[in-house]
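Student: If you want the building blocks of each chain, they are given just below.
Number of protein chains: 4
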Amino acid sequence: MSKEKPSPTHFGSDNVTGIAPAIMDAIVAANAGGVHGYGEDSLTEAMEKRFAEIFETEVKVMPVGTGSIANGLSLATVTPPWGEVFCHEGAHINVDEANGPEFFTGGAKLHLMPGENGKITAEALRAAATRYPRADVHNPLASTVSITQATEVGTLYAVDEVRAIGAVAKDEGLAFHMDGARFANAVAALGCAPADLTWRAGVDVLSFGATKNGCLAVEGIVLFNPSPERADRLNHLHKRAGQLYSKMRFFSAQLDAYLDDGNWLAWAKNANRQAKRLADGLGGLNSVTLAYPVEGNEVFCRLPRAAYDAVVGAGIGTYPLYGEKDGVGSVRFVCAFNTEDAHVDDLIGAIASAI
Amino acid sequence: MSKEKPSPTHFGSDNVTGIAPAIMDAIVAANAGGVHGYGEDSLTEAMEKRFAEIFETEVKVMPVGTGSIANGLSLATVTPPWGEVFCHEGAHINVDEANGPEFFTGGAKLHLMPGENGKITAEALRAAATRYPRADVHNPLASTVSITQATEVGTLYAVDEVRAIGAVAKDEGLAFHMDGARFANAVAALGCAPADLTWRAGVDVLSFGATKNGCLAVEGIVLFNPSPERADRLNHLHKRAGQLYSKMRFFSAQLDAYLDDGNWLAWAKNANRQAKRLADGLGGLNSVTLAYPVEGNEVFCRLPRAAYDAVVGAGIGTYPLYGEKDGVGSVRFVCAFNTEDAHVDDLIGAIASAI
Amino acid sequence: MSKEKPSPTHFGSDNVTGIAPAIMDAIVAANAGGVHGYGEDSLTEAMEKRFAEIFETEVKVMPVGTGSIANGLSLATVTPPWGEVFCHEGAHINVDEANGPEFFTGGAKLHLMPGENGKITAEALRAAATRYPRADVHNPLASTVSITQATEVGTLYAVDEVRAIGAVAKDEGLAFHMDGARFANAVAALGCAPADLTWRAGVDVLSFGATKNGCLAVEGIVLFNPSPERADRLNHLHKRAGQLYSKMRFFSAQLDAYLDDGNWLAWAKNANRQAKRLADGLGGLNSVTLAYPVEGNEVFCRLPRAAYDAVVGAGIGTYPLYGEKDGVGSVRFVCAFNTEDAHVDDLIGAIASAI
Amino acid sequence: MSKEKPSPTHFGSDNVTGIAPAIMDAIVAANAGGVHGYGEDSLTEAMEKRFAEIFETEVKVMPVGTGSIANGLSLATVTPPWGEVFCHEGAHINVDEANGPEFFTGGAKLHLMPGENGKITAEALRAAATRYPRADVHNPLASTVSITQATEVGTLYAVDEVRAIGAVAKDEGLAFHMDGARFANAVAALGCAPADLTWRAGVDVLSFGATKNGCLAVEGIVLFNPSPERADRLNHLHKRAGQLYSKMRFFSAQLDAYLDDGNWLAWAKNANRQAKRLADGLGGLNSVTLAYPVEGNEVFCRLPRAAYDAVVGAGIGTYPLYGEKDGVGSVRFVCAFNTEDAHVDDLIGAIASAI
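Protein chains in written order, with the working numbering: chain L, 1 to 355; chain W, 1 to 355; chain B, 1 to 355; chain D, 1 to 355.
Pulled out of the complex, with its shape left as it was, chain L reads as follows (with noise of 0.2 Å):
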């Protein structure tokens, strides 16, 4: 089978898209002179003052290279081996990472949860996280909630929703990690400081997502307000899993450009604003459902196999379709930082098309 080759139309997923321009300045930039690598350069030090800005309290910020070893290195910092992981049932650390998150916390359990549009409320965290004696050895211990921001089908969790699920984990003696793989999207769409988003709200530690929105390969580990023993922690963690790249200014240096001059944000926002008028657009035709509200990015719809097929036919690339049944199945769209709205008009056109 041959593989893909490039389409200048693509909504299969945010990852699909290559480096924002601003990113492949700051990698160019970066590469004069001779530094030393592993993090030990100015450059490096620079970002991490950036995010502690934005973010408007003490951080720790640590580069990695993709979202799965963000997610993983975070749960395993605060997460013990016996401990168990409070997350939604459709939760990308469940369902996308091969048992990374295992992997990396050394053997802890994912506690599912169902939840409707992709998140879990305060209320069930609390039943979950209670219904073992906490002090009783054999059961899993409750330590950690993560939930991921924007869902994994395109949803929002509000700030009220994530400071409630904050307070719980407060209550419980869980930390609390966010899964922010769209993390722009969510804070772009909610127009809230990134603070009240995260540490305000409780959460201690952040995946923070770089490359859907159009950096190379880099996500950041944000712990906030760290002990220094979490700090030690996630340190030892890091390099043992080989993330301590020895050319770290490149990582960095993706960080920096995107924090920079609001980046992130502008592409999050018209990553969100094509996804709008793409909902909008499919809104209007007989034939076509949205599965979910769409709050980002992402388009998650129903529409008929006819439709789809006028849609690889127009040489627009997309994931497979999937769940087909009497002639209509389900179908993602995902937004990026890049797309235009030319590309959203071709794709309902070849959508309306069929129908």
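No wet-lab data here; the hints were simulated from the structure. It should be emphasised that the depicted structure is a prediction, and the values quoted were computed from it without experimental measurement. The reader is advised that the hints may include incorrect statements.
No copy labels: a pair is met if it fits in one copy or bridges any two.
[As the list claims (entries may be wrong)] Within a straight-line C-alpha distance of at most 35 Å, the following computed DSBU-like cross-link-like pairs (lysine-lysine) qualify:
# : residue 1 : residue 2
1 : K49       : K5
2 : K170      : K3
3 : K5        : K325
4 : K3        : K49
Starting from the known structure of chain L, fit chains W, B and D onto it as the hints suggest.
Tutor: Below, chains W, B and D without anything else, positioned relative to chain L:
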């Protein structure tokens, strides 16, 4: 403490360097259009094909982000948790990876061997591998031998030495791993076919380094003629460790450009040649002693504190002097793909001026 | 808080009991002379032979100290770290082993399934095992199904139900594990051949319980017709987990005496019979409700607080009342190899007196 | 191959022995009535109290089934996965536990040290523990020192030697573990207070052996004056490893009877005395050489093949001769709690007869 800023001249390590222009061009070229992630792209396919050509056999190639991950996953592919890995006591896998090999293998043990010039011998390997009865479940199971080529001290295994180790490995049922963080330097210096230095000599899996020799951050795990079981095992290990990059094409692009047009060997040759020039220059100075034969791109020497201070004073980047005694200490100077004659001349000049 | 002292009558669990006389005699009998440890003794050889006879096929038997280890090592023998194990949400491996299965397997995931009366169905297993494309390395790999027989709530899988699960396991490439902490109770109740309930129905590996039914502390991991690779893997896992007892003969002696002369089934029959008597007695009382069909040796019921207090007041050992609401709570009464008619009568009497 | 049957006279190991009568009596005595499992019984409480008295301080004691588990869990309690454990190259944790320590610790590394008579020195420990800069995350982290007392070759650390190691451990921030599989033999021979040999000398955690000296199968992990965090960590590790026995009272009963009335030391004294008699007898023979000072209950010697064959011919149990060269090989004879004068005389006689 303020972090280091880039210097035009830097001998601290070959990983203080930036990205070679041809690699940067390849990254830029790959940045067009959208394409399925996770290696399902045509560039990744082409890259793997190029490896097969250069190594003259069937290979499976998995790009990863760092040499530590390449080593950890390579060892985990061929070593059970109850196994032991024979290696030199100075091996990177022992000294510099914070127990990464133990992490990735699920608890295998490194069995350290002394050896001159950073090398183990086939005879010593045989003695070590046969010291326990193979069927005795009490002892660690002799499973794998790992050598570094070029070694940690800048020396080389001759093809015959690799072959002899490969023969013992075969006799004793050991898998054979090569840590090739500076594999290009070894091939360039030995002038042999890559196949002769690897699978034809019995090597099963190679950590193929590229970062130190001009790439941004990428190494390849190369499995030679793997069984389906072994290939499948690596697939799962690689994904679980968070190494299946969404924007894989940018990693494949680096490796592809690295191998293109003999780049990798040309760059390594330059590094080796400059190291030789440096060794020659230092060899002519009183009070400077070379610690090991200079066979690749690294020069280990002992020199007076005053000479070291002169280097630093000249704005030349370097690692700290260590093991100082009676005013004389040890330091490593590493040449790279982009080291120029003038850089080496400056370094020799600075040292000479202080002696 | 002062710890519990022994009571002559105790229904808290079948593990509150002591050692059956025949088992004690076997331990004493094995205590003569010196003999090589670690299973290199004739008693261990004889014990394994007896298992082969009773199960009517070739088996490998590894004695271990607890049911949790039996389960953990059984699962680790057949499940890769990236695998998932399908089991009932109430399974001991999920609820009561403090992430032991994740520990022993190196990070496999338990996939929890609901199901009436503590049982999963073949249909639900098929749906769960096929929900991801098998070749997709992103998802956990469907690897193993584990059922508990008798179940955690005292019910039984019929032979046909086990067979149906075994058929799905075969279709989907899953290994099949049975947690038989109360296997004797199941066989005694079903009156079937041990082979019919295990390997002939597709079971690959059995945690064969003995502690709860009269032994001091020993369970057997039973591999049915194992491949050399699987047997070898268990050997290493078992030793690495510290389960290769030096004085193995005392563990083998227990298992041997347990199987001798039908002891295991006779004892289980007594336990089952007493549980049935208890269920019948409680069933005739107002205000007491049985929570599950009583098919083995466990009786789960809801009863008034006053009745529970009367039990405690009568000096009858029991576990705490839980889930109390409106003066009614849940409790489990477990009968054992040495439960006598008078014990059960006393328990019924105490409850009846309070209603 | 047919497995070994018991011999009345056996010097293969102290673990070839059976159960001392006082231990058997204690098991029988504990076998009355039913009582809550998992250590929630009064016998376990009493046992722990007895440890506190004998060690003259606050202790936490966790019974486990084997010495390998005691070592693995002890190390895991005090060593992070990125840590290294300093130990003698011949240590049981390195040679005989199939990578158990790596398993239980989640991947810590053993750093092997040579040393005469099976012992490491405080000086060598200091050199090893300080060879990497402590703050450098690249290297394994110097975490723990583990010594075996009595050693693997039957010698002893003097109290002052233990203290000196303890002092280095304190200076360098290392935890201090003692593998006391033959701790009783050491205390009996040295005639010191158990406290002087352990926590007063800096030991944090002791694998307290009992199996080799008359118990069925039980060792105690003894934490001295533990912090709540460390005690809690051990609780979880112990349960997760499947060591929280349901019928814990039979394990506690063994330990309790072992410590009662000075049994443990009386039995060890007998073993030591017989070993001394054996050493004296062999020392008077031509062609027999003692390999190490005989300070505990083990005698390592080199003797002619003919002499070894005579031992076997006399029906005396022993381990195989190894390292044979020119008709002379090595063998270990171990005396135990139940070795009698006549057994030793028979062994000496058999050897003498062949020389």
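Student: Compare the structure with each hint and give your call.
Tutor: Status of each hint after checking the structure:
1. K49 x K5: Between copies only: 16 Å across, 39 Å inside.
2. K170 x K3: between (48 Å within a copy, 33 Å between copies)
3. K5 x K325: within (29 Å within a copy, 60 Å between copies)
4. K3 x K49: between (41 Å within a copy, 13 Å between copies)
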